[in-house]
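Novice: If you want the building blocks of each chain, they are given just below.
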Amino acid sequence: MSSSLLDILNTGRSSLLAHQQAVSTTSSNISNISTPGYTRRDVEFTPIAAGGGVSASTIRNQTNTFITAQIHDQAARKAFAETQESSLSTIENLYAENEGNIGYSLDNFFQAMRTLSAAPTELDRREAMLSKAEELAQAFSATSQRLTDERRAADTQLDGMIDRVNELTSDIASLNVQITRLPEEARAALKDQRDVLVRELSEHVDISTFYSEDGSQTVLFAGGRPLVQKDATTQLSTRQESTYPYLRQIHFTNSAGATVDITSQLTTGKIGGIVQLRDSVLTSILDRVDALAYDITTSFNAQHQAGFDLNGNTGLSLFTDVPAGAPAGTAVAMALHADVDGNARAIAAASNAATAIGGNDNLHALSGLGDDSTLAGSNSRTFAQELADMVSDVGKAIETNDSTFDYADFSLNNLDRLREQESGVSLDEELVNMMRFQRAYQAGSKIIQNVGQMYDTILTLVG
Amino acid sequence: MRVSQLHLQSLVQRSVSDSRANLVEKQKIAASGQRLTVPSDDPDGSSRARLLTGLLAETEAYSDNISFGESRLNRAEDAMAESENILVRIKELAYANSTGTASAEQRNLAATEVDQLRDNLIDLANTRQGQEYIFANMDTSTPPVASDGTVTWDASSGVRVVEIGPAKTGEISASAQGAFNDGINVFDVLEDLAVDLRSNDPDAIRANLDDIETAFGQVLSERVKVGVRTNRIRAAEINTDQTRNLYKTLRSNIVDADAAEAFSDLSLAQTSLQAAITVSARVFGPSLLDSM
Numbered sequence: 001m002s003s004s005l006l007d008i009l010n011t012g013r014s015s016l017l018a019h020q021q022a023v024s025t026t027s028s029n030i031s032n033i034s035t036p037g038y039t040r041r042d043v044e045f046t047p048i049a050a051g052g053g054v055s056a057s058t059i060r061n062q063t064n065t066f067i068t069a070q071i072h073d074q075a076a077r078k079a080f081a082e083t084q085e086s087s088l089s090t091i092e093n094l095y096a097e098n099e100g101n102i103g104y105s106l107d108n109f110f111q112a113m114r115t116l117s118a119a120p121t122e123l124d125r126r127e128a129m130l131s132k133a134e135e136l137a138q139a140f141s142a143t144s145q146r147l148t149d150e151r152r153a154a155d156t157q158l159d160g161m162i163d164r165v166n167e168l169t170s171d172i173a174s175l176n177v178q179i180t181r182l183p184e185e186a187r188a189a190l191k192d193q194r195d196v197l198v199r200e201l202s203e204h205v206d207i208s209t210f211y212s213e214d215g216s217q218t219v220l221f222a223g224g225r226p227l228v229q230k231d232a233t234t235q236l237s238t239r240q241e242s243t244y245p246y247l248r249q250i251h252f253t254n255s256a257g258a259t260v261d262i263t264s265q266l267t268t269g270k271i272g273g274i275v276q277l278r279d280s281v282l283t284s285i286l287d288r289v290d291a292l293a294y295d296i297t298t299s300f301n302a303q304h305q306a307g308f309d310l311n312g313n314t315g316l317s318l319f320t321d322v323p324a325g326a327p328a329g330t331a332v333a334m335a336l337h338a339d340v341d342g343n344a345r346a347i348a349a350a351s352n353a354a355t356a357i358g359g360n361d362n363l364h365a366l367s368g369l370g371d372d373s374t375l376a377g378s379n380s381r382t383f384a385q386e387l388a389d390m391v392s393d394v395g396k397a398i399e400t401n402d403s404t405f406d407y408a409d410f411s412l413n414n415l416d417r418l419r420e421q422e423s424g425v426s427l428d429e430e431l432v433n434m435m436r437f438q439r440a441y442q443a444g445s446k447i448i449q450n451v452g453q454m455y456d457t458i459l460t461l462v463g
Numbered sequence: 464m465r466v467s468q469l470h471l472q473s474l475v476q477r478s479v480s481d482s483r484a485n486l487v488e489k490q491k492i493a494a495s496g497q498r499l500t501v502p503s504d505d506p507d508g509s510s511r512a513r514l515l516t517g518l519l520a521e522t523e524a525y526s527d528n529i530s531f532g533e534s535r536l537n538r539a540e541d542a543m544a545e546s547e548n549i550l551v552r553i554k555e556l557a558y559a560n561s562t563g564t565a566s567a568e569q570r571n572l573a574a575t576e577v578d579q580l581r582d583n584l585i586d587l588a589n590t591r592q593g594q595e596y597i598f599a600n601m602d603t604s605t606p607p608v609a610s611d612g613t614v615t616w617d618a619s620s621g622v623r624v625v626e627i628g629p630a631k632t633g634e635i636s637a638s639a640q641g642a643f644n645d646g647i648n649v650f651d652v653l654e655d656l657a658v659d660l661r662s663n664d665p666d667a668i669r670a671n672l673d674d675i676e677t678a679f680g681q682v683l684s685e686r687v688k689v690g691v692r693t694n695r696i697r698a699a700e701i702n703t704d705q706t707r708n709l710y711k712t713l714r715s716n717i718v719d720a721d722a723a724e725a726f727s728d729l730s731l732a733q734t735s736l737q738a739a740i741t742v743s744a745r746v747f748g749p750s751l752l753d754s755m
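The listed protein sequences correspond, in order, to chains A and B. First residue of the first sequence: 1, per the working numbering; consecutive thereafter. First residue of the second sequence: 464, per the working numbering; consecutive thereafter.
So here's chain B without its partners, still in its complex pose (with noise of 0.2 Å):
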């Protein structure tokens, strides 16, 4: 078989350049801890990779609204939990000047008082947070409670509802009207105490002793929906965490590279490099010029 010049020198060529190209390669992958950088390194990985990048990308933003909800939430319990302290004062108050043994002046004092808590509390259900009136259900850029105590009731009537999973929403919003409004008016009902304070008239703060407790009532019913709709967004916080660690774990099967592997496939390859070099000095070795 004849073997010539020509081919020789390809052979040793190829076998060389062959080498040093499987070693780029090799280094690449080593040193970018990734096995897919671009489409055609793995066709259908890649296709999964894009899916499961899209299917991150929707548990971050559930995972966000989770937080916003959240604190809403929490926000929300705390101005009904204060809510609650203020009408137990305003019970001891109304209980204390509904007996005989309470002055005019006394009276008068608890009316002013009454007064105060009464703008508290509309301040309460007029709490912010950022731009929106959380106990404003839909319409969130308008406070819920007028400063003369009526509650102006968005016609939407609506919970605000967010996306928290996969066709999963969570509620997100208290109300003002069901705290305050519904059924009775929790700030009509201080505007009728201080009244009846100042006329000094004993049976007539002793009737809205069950008012106030009606009032209690409602805020705490509102409280406990509060609550219930805070530990559905917890719950799903929880899911969401999982779902990411998931998705994270089966994108990075797909396009990361196993380190232990990266760096032996990178000494394999320069160790081929190596020998094709040695190879290729003998190979052009000995010839009859040699002799000659």
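Chain A with its partners taken away, still in its complex shape (with noise of 0.2 Å):
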């Protein structure tokens, strides 16, 4: 079949179409080097069946969702580190050997009954100790206040983690919408916006991702639950259910519109580390605080009330005391008992009524609770090794956070690398492909000249 010189000038035309629409899409390529999350757009040259020509169309790169979801899983772990490692590093510091925290007052109270006992009925002395045991009393009291306080500043984290949860997921909908009734070429811009927002959310919670036919994606969450389907997102909110108030459960409405208590399957991403940090982390720490707090009390209370004060007495506290077998709270309101508070005589360092006044006996007892090895950690262990073992457990909590988000980091960094790699803009390349259809525009044009000649020429035969 022949060619008319007509179909030949289109085909002409449609090079310089092709190769204009080309160039444009290397122009947006180029001018979005810096955007992140950006995915290439390629120029696909299918050639016309009738007539011969060619026509070009803009089509933007496909991710690899392969990478895409290893992506959202290292995010939400680097995440999951993140969150906890301030208030981690927060608590670190009630752990070093500082003025003021647990270990320098517990040896400091140690050490001021040891020198009482040289003089036991020296007042100053016996001021000191009480002095001594006071601030110990305080080193618990703030430690575990401090702790507390670092539970509640988790929880409240979680309403700004929330909300923002529940605002990805519509504004991903209304990009579902929006992309579902655009045509295929027209999509690629709002599915840019929309990778980018499911990668926040990736942070945020587990998620996995996939897209449906008509071009809308759907994710899934914390074991398969919805949280996009299409146009359509549930709701993530908080509930109080404990006697503390500051340890909500995170509740997720379902399709019937009943609420259902998640929190236990969030454990990854910034929301998982909040619960994580909040509910595991936080609160094994403040435990041992109150049981190292109780067993101190309890042991000296006992030790205490076998004694005898400068004035006979006998039956006294040192500590305010704990109601037995409930060590939960006791670390924040330790403190002096009553019975000795202000009032140094009655410190019991006797052991016997008849040596009241100048005995010691009851003081060499008390300093050797420290030597006891079945009063602290679950009867295992003496005073000072149940502190020396908090303190490596909190240094290893640390540690392992640590290495938890170097490992993700670095994987994510590689990951990063193979998606742009793959769906990435190189400069050089799209450098290289502006040159060249800007060749081929002016071959198209010469095509174009060409015919035009033709023309002439025909023409001339005409007349």
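None of these hints come from the bench; they were simulated from the model. Watch out, some of these pointers could steer you wrong.
Straight-line Cα separation of at most 27 Å, DSSO-like style, residue types lysine-lysine; simulated pairs [to be verified]:
1) B:631 <-> B:688
2) A:230 <-> A:191
3) B:491 <-> A:396
4) B:711 <-> A:396
5) B:554 <-> B:631
6) B:711 <-> B:491
Restraint-style ranges between C-beta atoms, simulated for each label pair [said to hold, decoys possible]:
7) B:491 <-> A:138: 48 to 56 Å
8) B:734 <-> A:220: 19 to 27 Å
9) A:374 <-> B:552: 53 to 61 Å
10) A:378 <-> B:694: 39 to 47 Å
11) B:494 <-> A:403: 22 to 30 Å
Covered stretches of chain B, going by a simulated chain A footprint (3 or more residues, C-beta under 8 Å) [said to hold, decoys possible]:
12) 536-543
13) 705-713
14) 745-755
Glycine residues also receive a C-beta, built at the ideal position from the N, C-alpha and C atoms.
Bring the two chains, given one by one in their own frames, into a single complex with the hints.
Specialist: This is how it looks when you write it as structure tokens:
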């Protein structure tokens, strides 16, 4: 079949248009070289069957869904560790060798007891022992208070995060709607936007996503529960369940309208990090502080009650009494007992009434409590050993968190590089393309020029 | 392999910021001289450091008790040395005035001196250090000897004991009872002597000599006891000094940074940062834009 001159003209025209489109695509790529999360636009040239020629279409590069899924995974892990970092750092200082910390105060307390035993009737030394006992109580109280504050602060952060998740899901849903209404070629920019939102969402909770035929993206989380399904979203909310107002649970409203407690399913991402920090890490550190305060209080009180003070009285307590078997809350309330507070004579130094003035046997028994390895750590350690174990525990928690962060950060960096390799923009490549398409445009214009000349030739023949 | 601009930029940024973070860390160590300031620097190490700090505080307490005890015992020993001197003088007086050559006048003067010396002895028995009567065993707030010479024997009769080492105790008191009233009351002996001197009876005066001898022996035996206690305390002092040094060394090994290592690490970190910065300048280097 032969083509008419008009057909050839059209072919030339199609080349111009196609390569114009190509240059536009390349320009778009070059302009977006700094845009994070931008997916490269490729040009696809298709030959036109009827009459020759070419048409170009701009296609958004097909992102590698496997890499994307892994990126979401690692982003969640990194955020999980990052969220806990600052709180853990603050807590760590409570266990460093600083004045006012439990270790320092415990050492001073024992020292004051031993010094008093050398001259048990001297009021100065008695006052000193009371003062060190008070400092110990205050160290426990302050440490416990600090931990509780951090736990409360963690809980407060939940509000901001949950709000952001709800915002993100509704934005993704509305983008879904817009995308389904547009033809394929026009969807690219909105898809880029949606990718950015999904990436941010993945930092908050662990998600898995897939695409539907119509172009919408479904986002699932927490063991398959839907967050975004086409245009529908489900909301997250918080609820106070326990007796502690700052240990709220996270709820999810399902399709039937009922709210389900999903706190235990949130094990990664920013929200998972807060939950882990608040419910496991800080809580277990606090529990140990309470347990140690309880053990010290009960052991010292029992021994002190067995002794006699300068006035021959017995049965006096050193620290405020605590109900048996209930260590929770002991640390924050720890203080000198009214029996001895402000009354240095009431320290029970002696072990019997006959030696009430000048005896120091009970003081020896009291300082001997420090060597008893059945008194702390669930009957397995001395007070000092238990405290040392708590110190290393805190250190290890931070070490673990740091290494989780480092590994996730490293992996994420690698994955981003892979993603960029496939779907990113390389300046060199785009510039070469630009030169190429420019040349092709020139060539196309040559076709039209030639057809024009051919027309002239024919017209000249006619007259 | 496609290398995107974003990737290049992130590469440069990371390497510089990582180097800088490392430098800050090394600066901190070099400046403070410590490689361990918070538990996460070395969890197991900080646990051991905590125990060692506690042990050091305990050793200080023992050391304080040892100093206190030693000074108390020294004081007691001095008082007893003086008491012995007094008794020697008493013996001289008794001996001199038990012969026929002494006059009633001399004997009266001697009696006055004996009374004076008796008061001195009571004062010595009531020696105080700080707020405590050091010869009063347990109840150190009451003087052990009344002005009339009765030794108030505190029923506790125990010796003051303090901790001078782990599971080690030392006695740090001396006893008025032991020195002046254990079998023979020294003050009564002196009182009897004064009476006998005033009565101008040489035989009666001579009869006191044995008692004075016994009294001297009694004070001496208490002084020996104090000497033994002092030696034990001094031995413990050597021990605590060694222990203190040991704990300090162990703790320093964990907590302190080796100066040479710290400064060479710092120098290395500075070089790394320099290298990272220089390299990053080149990474963004040539591209097609330069020739278009």
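Novice: Determine for every hint whether it applies to the structure shown.
Specialist: Here is how each hint holds up against the structure:
1. B:631 <-> B:688: Measuring from Cα to Cα gives roughly 18 Å; hence the hint holds.
2. A:230 <-> A:191: holds, 14 Å
3. B:491 <-> A:396: Given pair residue 491 (chain B), residue 396 (chain A) holds - Cα atoms ~21 Å apart, limit 27 Å.
4. B:711 <-> A:396: Cα-Cα ~25 Å, so holds.
5. B:554 <-> B:631: This hinted pair is violated, its Cα atoms lying about 42 Å apart.
6. B:711 <-> B:491: Within the cut-off at roughly 22 Å; holds.
7. B:491 <-> A:138: 48 to 56 Å: With a Cβ separation near 30 Å, residue 491 (chain B) and residue 138 (chain A) fall outside 48 to 56 Å, so the hint is violated.
8. B:734 <-> A:220: 19 to 27 Å: violated, 49 Å
9. A:374 <-> B:552: 53 to 61 Å: holds, 60 Å
10. A:378 <-> B:694: 39 to 47 Å: holds, 44 Å
11. B:494 <-> A:403: 22 to 30 Å: Holds: the Cβ-Cβ distance is about 26 Å, inside 22 to 30 Å.
12. 536-543: Contact hint for the stretch 536-543 of chain B vs chain A: violated, 0 residues under 8 Å.
13. 705-713: violated (count 0)
14. 745-755: The restraint on the stretch 745-755 of chain B holds, since 4 of its residues have a Cβ under 8 Å from chain A and three suffice.
Consistency note: the structure conflicts with the earlier hints numbered 5, 7, 8, 12 and 13.
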